[in-house]
Amino acid sequence: MIHLWALLAWVEIRQRYRRSKIGPFWLTITMACTVAGIGPLYALLFGIRIENYLFYLTVGMVVWSLISGIVTDTSNSFISSEALLKEFDLPAALFIFRSIYRNFIIFMHNLVVVAVVYLIYPVSLGISLLTVPLALFMIFWAGVSIGSIMALLCVRFRDVQLVIGNVLQIVFFMTPIMWKPSMLGEKAWLLNFNPVYVFLQSVRGPLTGESVDSSLWLAMLGICLFTTLVASWMMGVYGNRMRYWL
Amino acid sequence: MARVFAKLVSVDFPVYDSKHRSLKNALVRTMTGGSLSQDTSNHVIVQALREISFDFQSGARVGLIGHNGSGKTTLLRVLSGVYIPTRGELKVEGKIATMINLTLGMDFDLSGRENILIRGSIMGMSRQAIRNVTEDIIEFADLGDFIDLPMRTYSSGMSMRLAFALATCGNADIILMDEWMSAGDADFQSKAEKRLLTHLKKAEIVFIASHNTSLVTQQCNWIVRMTHGRIDKIEANIPRIVAKQEPVVNGKK
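Residue numbers (our numbering), protein chains in the order written: chain W, 1 to 246; chain P, 1 to 253.
Excised from the complex, chain W in its bound form:
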């Protein structure tokens, strides 16, 4: 029972890559192709040397796919489990955990690309690397609380899912994933209002030798606490009604 969400996440991944020999490593290949395609092009466009750009881009893309995957999957997690939710008295949080865990499994597969790029264009990694697990935990935490809010909203209002898809697309371009924060010059402070940047940078910063400001950690903590409050309020008030909306 404790690990049911992990089991279901594994089943879901197996389902998606059924009868394929390399299974979820298809995602790794997709990621590798994306990076190999975009990397040289944008290094050229921005006039940056590829060895200074490719690792930055790879880490950014991998973390972005984790974050956007969590947002997309959690918002769908109640709707896609309608049958189970209507027959078993399983805790709703289980389905949120499943969606998040699934994306972390995919993230682990994508780390292969990060490792390969690191071997080709090594960067110097410092002691700050130790904060990466903590940053990933913050993504997990925010995923649980924001995911619960999204999942609940999406069950009640079926047009929210479309909105989320559109917003994610815009956010991808507004977040420094393909471009660097320094390119904004003195307007770089504007990035502090982009919550996705805050979470992404906390993972990428230590890997690419950029400092992670303590204000970033405070912002993350603030976002997590606030959304946890909202999520527990929403689950308390509407959690029982959710299954009627399915």
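It is worth saying that the hints were derived from the structure and are not from the lab.
Careful: at least some of the hints might be erroneous.
Said to hold, decoys possible - Straight line, CA to CA, 27 Å or less: simulated DSS-like cross-link-like pairs of lysine-lysine: (1) 95/P x 201/P; (2) 86/W x 202/P; (3) 86/W x 91/P; (4) 86/W x 95/P.
On the provided structure of chain W, position chain P as indicated by the hints.
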């Protein structure tokens, strides 16, 4: 001692049309307010259950009889804890098992053994408990070496037998069934019925929702007739029902 106690339990279903499924429209409604909101917020509410009251204790074998839409399935979902009653009081003491859709949660691209693990976990069994019953399930379902092959290679009888064997191996205090189960060919059916009856006998309270009046009268010592989400007057008026000590199972005392 298992017990299922319901007092004036009602369930209201909101039925949203596409307009009420839209966040944009909801926002427009709140912003414009007043006259516009009056005619748009009156969405249809279906009263799926109305003032259901009963008190069943150990030994009760309850047959729920009624037409489609009379609230049988909704009542089972309320008892299983899926639907929280809109009004009224419900107390369920004991571990509940639902036997409604036996293959729900199974993945036919995975092996029988893996599906036993998945479905067993969904049913709330521990890894150890699942391990303990696996051999028994394989034997009863007569799967042999097929157990390690993907379920899509099974005949429909084989997957039915697997699902059935798994559904009848737990030890719940309260069992909720939607229609009487039967599985496989004639040969297997008598074997299955025997197993099902033994399984039901272990449970303290059993609810069976069915269209089949004769079956219910055969298996149950309490019959609840439902129409339009209500329990028919005669039984609904009994404030407290005490179960007989000896449950009638398969017509024998």
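Holds or violated: residue 95/P with residue 201/P, Cα cutoff 27 Å? Holds, at roughly 15 Å.
Holds or violated: residue 86/W with residue 202/P, Cα cutoff 27 Å? Roughly 26 Å separates the two Cα atoms, so the pair holds.
With the threshold set at 27 Å, check whether the alpha-carbon distance from residue 86/W to residue 91/P stays at or below it. holds, 19 Å
Take the C-alpha atoms of residue 86/W and residue 95/P, compute the straight-line distance between them, and say whether it is at most 27 Å. holds, 18 Å
The structure agrees with every numbered hint stated previously.
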